[in-house]
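Quick mapping for you: the protein sequence lines, in order, are chains B and U. For what it's worth, my numbering labels the leading residue of the first sequence as 1, then goes sequentially. For what it's worth, my numbering labels the leading residue of the second sequence as 1, then goes sequentially.
Rather than coming from a laboratory, the hints here were simulated on the basis of the structure. The C-beta atom is built at its ideal place from N, Cα and C for all residues, glycine as well. Any given hint might turn out to be false.
What the hints assert, rightly or not - Simulated DEER-style distance windows between Cβ atoms:
hint, chain 1, residue 1, chain 2, residue 2, range
1, U, S115, B, D110, 37 to 47 Å
2, U, T248, B, W179, 26 to 36 Å
3, B, L183, U, K130, 54 to 64 Å
To be verified - Here are the simulated DSSO-like cross-link-like pairs (lysine-lysine), alpha carbons at most 27 Å apart as the crow flies:
hint, chain 1, residue 1, chain 2, residue 2
4, B, K55, B, K250
5, U, K233, U, K186
6, B, K161, U, K21
7, U, K21, U, K186
8, B, K161, U, K186
9, U, K143, U, K130
Residue-level listing of the chains:
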Amino acid sequence: MKRTPSIRLIKNGLMTLLMVAATLAVLAPLGIIFVHILKMGASSISLDFFTQIPKPTGETGGGMANGLAGSTIMIAMSSLIGLPVGILGAVYLTEYGHNRFADAIRFSADVLAGVPSIITGMVAYTLLVVPMKGFSALAGAVALALIMIPIVLRTTEEQLKLVPGTLREASLALGVPLWRTTLQVTLASARTGIITGILLAIARIAGETAPLLFTALGNQFWSRKLTEPMAAIPLQIFNFAIAPYEDWHKLAWAGALVLVVIMFSLSLAARYFGRQKRYS
Amino acid sequence: MQTKVTLENLNVHFGSNHAVKDVSLDFPENSVTAIIGPSGCGKSTVLRSLNRMHDLVPSARVTGRIMLDNTDIYDRAVDPVAVRRRIGMVFQKPNPFPAMSIHDNVVAGYKLTGSLKRSDAEDIVESCLKRVALWDEVKDRLKTSAMDLSGGQQQRLCIARTIAVQPEVILMDEPCSALDPIATLKIEELIEELKEQYTVIIVTHNMQQAARVSDSTAFFYMGELIEFGLTKKIFTTPEKRQTEDYITGRFG
Numbered sequence: 001m002k003r004t005p006s007i008r009l010i011k012n013g014l015m016t017l018l019m020v021a022a023t024l025a026v027l028a029p030l031g032i033i034f035v036h037i038l039k040m041g042a043s044s045i046s047l048d049f050f051t052q053i054p055k056p057t058g059e060t061g062g063g064m065a066n067g068l069a070g071s072t073i074m075i076a077m078s079s080l081i082g083l084p085v086g087i088l089g090a091v092y093l094t095e096y097g098h099n100r101f102a103d104a105i106r107f108s109a110d111v112l113a114g115v116p117s118i119i120t121g122m123v124a125y126t127l128l129v130v131p132m133k134g135f136s137a138l139a140g141a142v143a144l145a146l147i148m149i150p151i152v153l154r155t156t157e158e159q160l161k162l163v164p165g166t167l168r169e170a171s172l173a174l175g176v177p178l179w180r181t182t183l184q185v186t187l188a189s190a191r192t193g194i195i196t197g198i199l200l201a202i203a204r205i206a207g208e209t210a211p212l213l214f215t216a217l218g219n220q221f222w223s224r225k226l227t228e229p230m231a232a233i234p235l236q237i238f239n240f241a242i243a244p245y246e247d248w249h250k251l252a253w254a255g256a257l258v259l260v261v262i263m264f265s266l267s268l269a270a271r272y273f274g275r276q277k278r279y280s
Numbered sequence: 001m002q003t004k005v006t007l008e009n010l011n012v013h014f015g016s017n018h019a020v021k022d023v024s025l026d027f028p029e030n031s032v033t034a035i036i037g038p039s040g041c042g043k044s045t046v047l048r049s050l051n052r053m054h055d056l057v058p059s060a061r062v063t064g065r066i067m068l069d070n071t072d073i074y075d076r077a078v079d080p081v082a083v084r085r086r087i088g089m090v091f092q093k094p095n096p097f098p099a100m101s102i103h104d105n106v107v108a109g110y111k112l113t114g115s116l117k118r119s120d121a122e123d124i125v126e127s128c129l130k131r132v133a134l135w136d137e138v139k140d141r142l143k144t145s146a147m148d149l150s151g152g153q154q155q156r157l158c159i160a161r162t163i164a165v166q167p168e169v170i171l172m173d174e175p176c177s178a179l180d181p182i183a184t185l186k187i188e189e190l191i192e193e194l195k196e197q198y199t200v201i202i203v204t205h206n207m208q209q210a211a212r213v214s215d216s217t218a219f220f221y222m223g224e225l226i227e228f229g230l231t232k233k234i235f236t237t238p239e240k241r242q243t244e245d246y247i248t249g250r251f252g
């Protein structure tokens, strides 16, 4: 046998190298972004950031407490709208609607998921801001919900489809009504996957800026009502980053860091739930 | 022998596929009836129409009548859920509820309908597991997952779950096809005992099994009922040529 490396081995080595390089190229931006944001933002993170609202121009300090609260409130509201619609819709698609109508819904959801988020913002603007004559947290939440619905619908549908039919049959054959089977067997079995999808959807809308631009608008102060403009972290980052003040830039970096950490945690939580025992 | 279930001109279509063709048949009470025939002959389809499992398949259309005692289970006024309470089913692949313990699997029919009384649960679990001869094997680990059991044990658990809700008829769709010979033997012994209390209808690919466990046998071919009679007679002196050919292994 020849001992010299063959062409095959050289090719193998080259291709492996190429694949490693491609993987690194994918991972590198994430690392660069994270390190950069950490470097720029970490110094501005303080207790004030989480407890204070932005200071007027010229004064130092201040934080994004109103943005954090605003984001939390709007995410909660859009979840209130988006989760029931998304999950119930998915249940209809997999368990009840085996027809043309269901195909139409599926197609619409895919199209809706592909609509640029700024368009979603414009829709909420036309539907709510104009008739209500003012920017509001409510309009922001509706815009975010519109983004959330197709994501939740499709991921939940995928998870429900993974539940083996034999499990549904087992339950039905025991004389359990379809609705109870859906609730207690099908949805219960797909629970971890559905939670993962929900967390990813929340992570997605938490970082959305465009749909909030002409709905929630943003607010330098605390909002007292849901019908008033409301601050949100991504909006504040946007506004502060384009402002000409060094202080504000720092706050924007801090906000970016907090946002990235939140989304990172949500993704980790999603992975954790996704890893929980799956049944087949 | 008294008749428990009657098929009257049963036809099942899946879209344009005519899967079961004009079948009329009387299943005798408190006995075991085997349905045999080559793959695709419609035997599982017949079985599944007996507890309205086809209701969930949008393309399926069932016509004709299926009488359980004196009610047509396909009558508009009849709730399929009520039918399934009276006609239980054991599937080809053991399918215990994976998220439930052994204990909870036995009483799943009650738990999932929200009708379980705590005080009854222990009795139901013990008596049903004893009936399927599983009690001694699992009594010390009732709270553990049903998925840790062997395939044969899982299938006996599924039978326990089925009899726990006290049906009148038990349908079995090739219940041993995923099991080894020893587990198969145990299930067959169990079927023998079950007929004292229940009407058992079993679909099987295995002709020896049909000969061993059943009192009557129905032979299906290409969606049609070819021959129905006492098992002894079907396996010794069948009337139709096709039956004989199948039983002697000339086709199928």
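| task | Would you mind confirming whether the straight-line C-alpha gap from K55/B to K250/B stays at or under 27 Å? | result | holds (13 Å)
- Query: L183/B and K130/U, beta-carbon distance inside 54 to 64 Å?
  - Reply: violated (32 Å)
- Does the structure keep K21/U and K186/U at a Cα separation of 27 Å or less? Violated - the C-alpha atoms of K186/U and K21/U are around 34 Å apart, more than 27 Å.
Hint consistency between K143/U and K130/U [alpha-carbon to alpha-carbon, up to 27 Å]: holds (17 Å)
**Asked** Taking 37 to 47 Å as the hint, is the beta-carbon distance of S115/U and D110/B inside that range?
**Response** holds (41 Å)
Query raised in the report: Given the hint that K161/B pairs with K21/U, does the C-alpha gap stay at or below 27 Å?
Result: violated (32 Å)
task: Hint says 26 to 36 Å; check whether the CB-CB distance for T248/U and W179/B agrees.
output: violated (49 Å)
- Message: Given the hinted pair K161/B and K186/U, is their Cα-Cα distance within 27 Å?
- Response: It is violated: about 34 Å lies between the C-alpha atoms, which goes past 27 Å.
| said: Given the hinted pair K233/U and K186/U, is their Cα-Cα distance within 27 Å? | reply: It holds: about 25 Å lies between the C-alpha atoms, which stays within 27 Å.
Hints 2, 3, 6, 7, 8 from the earlier list are contradicted by this structure; the remaining hints agree with it.
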